[in-house]
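Engineer: The lines below spell out each chain.
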Amino acid sequence: MALARPIGILLAKELRTEFRTRELLVSTLVFVLIVLVLFSFTFDPTTTEARRFGPGLLWLALLFAGSLMLHPSFTREQSNDTLVALRLAPIEPVSILAAKILANFCFLLVAELVLLPVFAALYNLRILPVLGRLVAVLVLGTLALSIVGTVFAAISSQARMRELLLPLLLLPLLTPALVASAEATAGLFEDPPALAPVWVGVLAAFDTIFLTVTWLFGEYLLEE
Amino acid sequence: MASAANAMHTKTAGRQGLATLGVALLLAVAGYCALFVAPTEATMGLIQRIFYFHVPFGWTAFVAFFISFISSIAYLRSRAPRWDWLAVSSAEVGVPFVTVLLVTGPIWAHPVWGIWWTWDARLTSTFVLWVLYVCYLLLRTLIDEPERRAVVSAVFGIFAAFDVPLVYFSIWFFRTQHPQPVLGAGGSLDPRMLDVLLLCWAATLALLALLLPQRYRLEALRWEVERLRSGGESHLQDELSPLNKVRSI
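Line by line, the protein sequences are chains A and B.
By the working numbering, the letter at position 55 of the first sequence is numbered 55, and the numbering carries on one by one without gaps.
By the working numbering, the letter at position 162 of the second sequence is numbered 162, and the numbering carries on one by one without gaps.
Mixed in with the good hints, there may be bad ones.
Covered stretches of chain B (chain A as the covering partner; in silico rule of three or more C-beta atoms under 8 Å from a C-beta of chain A) [said to hold, decoys possible]:
hint, stretch
1, 148-158
2, 161-173
Which residues of chain A face chain B? A few of them, derived with a C-beta cut under 8 Å, are [unchecked claim]:
hint, residue
3, Phe41
4, Arg160
5, Leu169
6, Val198
7, Ala204
8, Phe206
9, Asp207
10, Leu222
Derived from the structure by calculation, the hints contain no laboratory data.
Built from N, CA and C at the ideal position, the CB exists for glycine as well.
Extracted from the complex, chain A is given alone in its bound form (with noise of 0.2 Å):
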């Protein structure tokens, strides 16, 4: 492939440059729990409540952190004006958007696997029994929330207000992912536990739609 090779080296720069500061990821850490913590004594759920609400809030809580830490991953390139140095690498343009999709992948799921533990705690959830498939439900919809959501950090990053226009853009169109990764969830603390095949339907068919689409119209927004 030779997509390959460029996007394993832009991969590598992405996690060198979020691991020398780990801004994204501890802000989202942070977030998410304040967040968690926040629903958790606000509605004081009893164990049927938080099986029932926990994922979707937990979920909710990891969108909204999504739209408020991801813009970094295009602004980060504007102040030098290194996004004009990586253009002018023999590469294709997609490789760009492809390794900082991957880049934001890594980061909110090692910030979800850090989350999980204390969610369960706080929720009173046990989540070892169906461990193996919380990661493929946890996989599956933060691909669709960095797919989405790196592509309309490079939309915003263009305009004014682009802090703000993010959460605009950014939630309203994962409105499907969020439905399907929230019920996926559910659906695992429920008794017996249970993966709706239809959720992970809606999910893959979500990233299979919206990688091929930042395929073909991604590069797009890179040019000057």
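Given chain A, work out where chain B should sit, using these hints.
Structural biologist: Then chain B, alone, in the frame of chain A:
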């Protein structure tokens, strides 16, 4: 020269006025038929007549957004500004049409279902569609450079268009309260009702056909003004520059 341009202007204005009159007349006839000609529905009664406004405005809005979607792709492929003008015009005309759909829906739902709103597949996907295109128009106001604005909003428009069916299917798996489509899918509709419905659709399509070219011309003029203004400013600076003053002396 000036009088010829004036005559041309009067002619276009006259044609425009005639078209407006025609569409207004068509809408009036359609409204009359919806209220007095179509038979009253057996169970829902008079309130069902809102159907003749609700459904045609919805269909026409979807036509408008489809035009916008196709124009966005065409713009990215060809880079001809006219495709961007068409994309924004049809989106901006489509938004008020969907607004009519979203307002007449609850008015009809309240007496019939007993509730104003429910998170059903059609309602939710229409609502998300409306929000996405309002965001599309908002995004356009926040980017000043015309070509950047055209590219960025075209990409967003394509994402939005692909999202709407996904919203529909994801909510459809919950439950659906909205009635199934009346045409195709084995729906049954009195032939007279169908005639009135199609007449109303023709009237709203004519309204779209009236508004769309006007909005398109406005966008073309705006583009021209922006071009002149960016060129015009530098021209002005030339005249004011000290060097030019020295030259003129």
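Engineer: Against the earlier hints, flag every one the structure doesn't satisfy and list their numbers going up.
Structural biologist: 3, 7, 9 and 10
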